[in-house]
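Student: First residue of the sequence shown: 158, per our numbering; consecutive thereafter.
By construction, these hints were calculated from the structure, which means they are not laboratory data.
Misleading hints may appear alongside valid ones.
Stated by the list, open to error - Heads up, simulated EDC-like pairs for lysine to aspartate or glutamate below, C-alpha to C-alpha not over 16 Å straight-line:
| hint | residue 1 | residue 2 |
| --- | --- | --- |
| 1 | LYS161 | ASP242 |
| 2 | LYS874 | ASP894 |
| 3 | LYS801 | GLU848 |
| 4 | LYS704 | ASP650 |
| 5 | LYS161 | GLU230 |
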Amino acid sequence: MSAKRTLHEGWTVTGDPGTPAAAEPIPATVPGEVVSALLAAGLVADPYTDEGERGVAWVGRRDWTYRTTFTYEGGDHDGVDLVFDGLDTVARVSLNGEVVGESANMHRRYRFDARSAIRQGANDLEVAFTSPYAYAEAQRDRLGDRPNAYDEPGNFIRKAACNFGWDWGPNLASAGIWRDVRLETWRTARIAEVVPRTSLEGGQGIVDFAIDLQRAGEADLVLVCTAGGHTAELPVPAGAGTAQVRVAVDDPELWWPHNRGGQPLYDVSVTLRSGDEELDSWSHRVGFRTVELDTEPDADGRPYVLKINGEAVWVKGVNWIPDEALFSRVDAARLERRLRQAVAAGIDYVRIWGGGVYESEDFYRLCDELGLMVGQDFLFACAAYPEEEPFWSEVEAEARDNLARLAPHPSLVTWTGNNENIWGWHDWDWQEPLGELSWGAGYYHDLLPKLVAEVDGTRPYWPGSPYSGVRELHPNEPAHASVHIWDVWNQEDYAHYRDWRPRFVAEFGYQAPPTWATVRRMTTDEPLQAETPNMLWHQKAADGQAKLQRGLDAHLPPVRDFDDWLYFTQVNQARAIRLGIEHFRSLQPYCSGAVVWQLNDCWPVTSWAAIDGEERLKPLWYALRDVYADRIATFQPYGEDGVKLVVVNDSAEIWNGVIGFWKCAPEGRITGRALLEIRIDARDTAEVVLEGKVAPAPGEFLVTGREDFPRATWFTKEDKDMDWPTARFTAETAAVDGGVAVTVTADTVLRDLCLFPDRLDPDATVDKALVTLIPGEQVVFTVTSEAIAASPELTAALTAKPVLRAIND
Numbered sequence: 158m159s160a161k162r163t164l165h166e167g168w169t170v171t172g173d174p175g176t177p178a179a180a181e182p183i184p185a186t187v188p189g190e191v192v193s194a195l196l197a198a199g200l201v202a203d204p205y206t207d208e209g210e211r212g213v214a215w216v217g218r219r220d221w222t223y224r225t226t227f228t229y230e231g232g233d234h235d236g237v238d239l240v241f242d243g244l245d246t247v248a249r250v251s252l253n254g255e256v257v258g259e260s261a262n263m264h265r266r267y268r269f270d271a272r273s274a275i276r277q278g279a280n281d282l283e284v285a286f287t288s289p290y291a292y293a294e295a296q297r298d299r300l301g302d303r304p305n306a307y308d309e310p311g312n313f314i315r316k317a318a319c320n321f322g323w324d325w326g327p328n329l330a331s332a333g334i335w336r337d338v339r340l341e342t343w344r345t346a347r348i349a350e351v352v353p354r355t356s357l358e359g360g361q362g363i364v365d366f367a368i369d370l371q372r373a374g375e376a377d378l379v380l381v382c383t384a385g386g387h388t389a390e391l392p393v394p395a396g397a398g399t400a401q402v403r404v405a406v407d408d409p410e411l412w413w414p415h416n417r418g419g420q421p422l423y424d425v426s427v428t429l430r431s432g433d434e435e436l437d438s439w440s441h442r443v444g445f446r447t448v449e450l451d452t453e454p455d456a457d458g459r460p461y462v463l464k465i466n467g468e469a470v471w472v473k474g475v476n477w478i479p480d481e482a483l484f485s486r487v488d489a490a491r492l493e494r495r496l497r498q499a500v501a502a503g504i505d506y507v508r509i510w511g512g513g514v515y516e517s518e519d520f521y522r523l524c525d526e527l528g529l530m531v532g533q534d535f536l537f538a539c540a541a542y543p544e545e546e547p548f549w550s551e552v553e554a555e556a557r558d559n560l561a562r563l564a565p566h567p568s569l570v571t572w573t574g575n576n577e578n579i580w581g582w583h584d585w586d587w588q589e590p591l592g593e594l595s596w597g598a599g600y601y602h603d604l605l606p607k608l609v610a611e612v613d614g615t616r617p618y619w620p621g622s623p624y625s626g627v628r629e630l631h632p633n634e635p636a637h638a639s640v641h642i643w644d645v646w647n648q649e650d651y652a653h654y655r656d657w658r659p660r661f662v663a664e665f666g667y668q669a670p671p672t673w674a675t676v677r678r679m680t681t682d683e684p685l686q687a688e689t690p691n692m693l694w695h696q697k698a699a700d701g702q703a704k705l706q707r708g709l710d711a712h713l714p715p716v717r718d719f720d721d722w723l724y725f726t727q728v729n730q731a732r733a734i735r736l737g738i739e740h741f742r743s744l745q746p747y748c749s750g751a752v753v754w755q756l757n758d759c760w761p762v763t764s765w766a767a768i769d770g771e772e773r774l775k776p777l778w779y780a781l782r783d784v785y786a787d788r789i790a791t792f793q794p795y796g797e798d799g800v801k802l803v804v805v806n807d808s809a810e811i812w813n814g815v816i817g818f819w820k821c822a823p824e825g826r827i828t829g830r831a832l833l834e835i836r837i838d839a840r841d842t843a844e845v846v847l848e849g850k851v852a853p854a855p856g857e858f859l860v861t862g863r864e865d866f867p868r869a870t871w872f873t874k875e876d877k878d879m880d881w882p883t884a885r886f887t888a889e890t891a892a893v894d895g896g897v898a899v900t901v902t903a904d905t906v907l908r909d910l911c912l913f914p915d916r917l918d919p920d921a922t923v924d925k926a927l928v929t930l931i932p933g934e935q936v937v938f939t940v941t942s943e944a945i946a947a948s949p950e951l952t953a954a955l956t957a958k959p960v961l962r963a964i965n966d
């Protein structure tokens, strides 16, 4: 029987002789990376606080060597392999002084034959890493420079592009053994790879196992394959190294996104036998579902409609970046927290962006279990990539490896060739400097679609994000397939989202700083101000602070202090994305989905994220929960100055109900009322143009009732121009299990009322945000924090600024 033994203990790491630190061995965690080891040893400052990132900039320009010793007892083995699930990135692996393998790709697994080098008893294992900068710059010099969105050589090494910094992330281009390493031994033969391809045929769930074997002799073998309690056996004659086995499951339950149905998963396994001896085994779980991507041209252009089990899904998505800049810090528990936060916000689709990594097995397993669809980019982002060797072969090996590894997961629904590279070739002044140089088109249009069909064959592939369907069209054409909308953040007010009529929005976003507690983690500046040096260091976007200020100037009163700036920018971010999504949803079915940039952060930073780098929810998260609900109402502009009410029912049931809404003067006095009976079919929308007495006059606003219908608002002027009264309210607190309930009763209009308990307890959470009330209305915030509940002083602080805020306070 094959045996697997992890080799995670006793590692040290040493820098080359010129390193500023760690010229002598220091302890190293495996999985891990050099920066984490230096930090644990106290040799560098925390790169996440102030300008600590500067203090580790040298790490990626040095060579590093990991070493450990392990024992081997020997035995009757035909195969003795060192297996690395992740080497970051350019490495030479030696066992007892003999080189057994080399790597040059962070994104694939490696298996090295160790038979000639291993010895009984103690064994010395060494992994020597070449500086990623030295390797990438040498390749760039050899092949000729190519455009990149950043002045970094990350497109000349198969390493996460964001390791070299991004407009939301630090430059921590480290090195290390970033995923599991183990010693594997086997006799006679082993299972090298299993790709279970699932399909539905005639009421049955089909699992077609494609199996690769590694053999050490000519013994006759038997494969035993199971799926959902059904079994098939296949003799494998001497010399055969591959096999195809089909197992059928009667009447399987279908896997659905969490807002469409259940997530039944079926155990599948492959056992390799020789006579009565079990040689090796493999097991996983699969789900039965179909996935289609409808991009057939129509009268309006080209749709981009994702269909699961034949049903069109309006995608409620987010973009995903690595959840930590130091990747090995991310464990299954952290991923589960993040993905459960996504589900709680109504999100049903996570796009894994091409500048990061193929995520861990835990990530996709959790998405299978939680009913989150995954759109997976191949790992190319915002740069021209060379197609010459060794990169063509590396990309092919990387794609084959990850297509096979991820094949079992029903949550994985699409593969995409790259992030913004086709767009870059068209619009980012690449063509003249490139001349005749390759830039990646051969990957996106030829190699990758061929491999997806060959290795997987069950999921759709799309050449790029964005991409309009044919090479002759501009890749970001709104009427054709997927688009990215970045002119709004970069150049215009967020109300211009309404100028777009997209078929599918794969990226759009708006920035805000993180929560108070996270700001205090990322900077020690005193006093805190938007423009202090460390606040600016943690703003990586070009002219980011100016763009934030542009948004404030367009919509909100002048800020008086840092507390105002933090709250107002966070509200503006939430409003911008809410406005965009409500507009896109009002266009369905013409528009078939929105994927917000971005769900998460990898460190404390001002960014587009809904959940900051310390795992705290920004107001944007609460806005996503509201606007991604199955049933929403939204006021939308109509004609020159008119307004319409659009009601969206994305549930499986007919929506019968009554809409009540009020027209109000700025002080909250009701000047008009309307009641509308509605009947909206499942997965449908309806709209009503507001005319006559219910149409708002300048200075008035509209608001729907809160108790029995989703709240929608419409304001005829911006907050800075509305004649709002100063906020007046009463607030009472009461102890509840695990925290405090804060009941706020409005005496005036309260705009986007938020409560920020992290200002009192960094671990505190609250159940809602961004609540607009008219006089007489009431809201209860539930704060979860035993520390606040135990302190009368902290409990009292929940009812006043800077913890409790309204725009007109």
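Student: Would you mind marking each hint as holding or not holding in the structure?
Tutor: Evaluation of the provided hints:
{"no.": "1", "hint": "LYS161 - ASP242", "result": "holds (13 Å)"}
{"no.": "2", "hint": "LYS874 - ASP894", "result": "violated (41 Å)"}
{"no.": "3", "hint": "LYS801 - GLU848", "result": "holds (9 Å)"}
{"no.": "4", "hint": "LYS704 - ASP650", "result": "holds (9 Å)"}
{"no.": "5", "hint": "LYS161 - GLU230", "result": "holds (13 Å)"}
Of the numbered hints listed earlier, the single one contradicted by the structure is hint 2.
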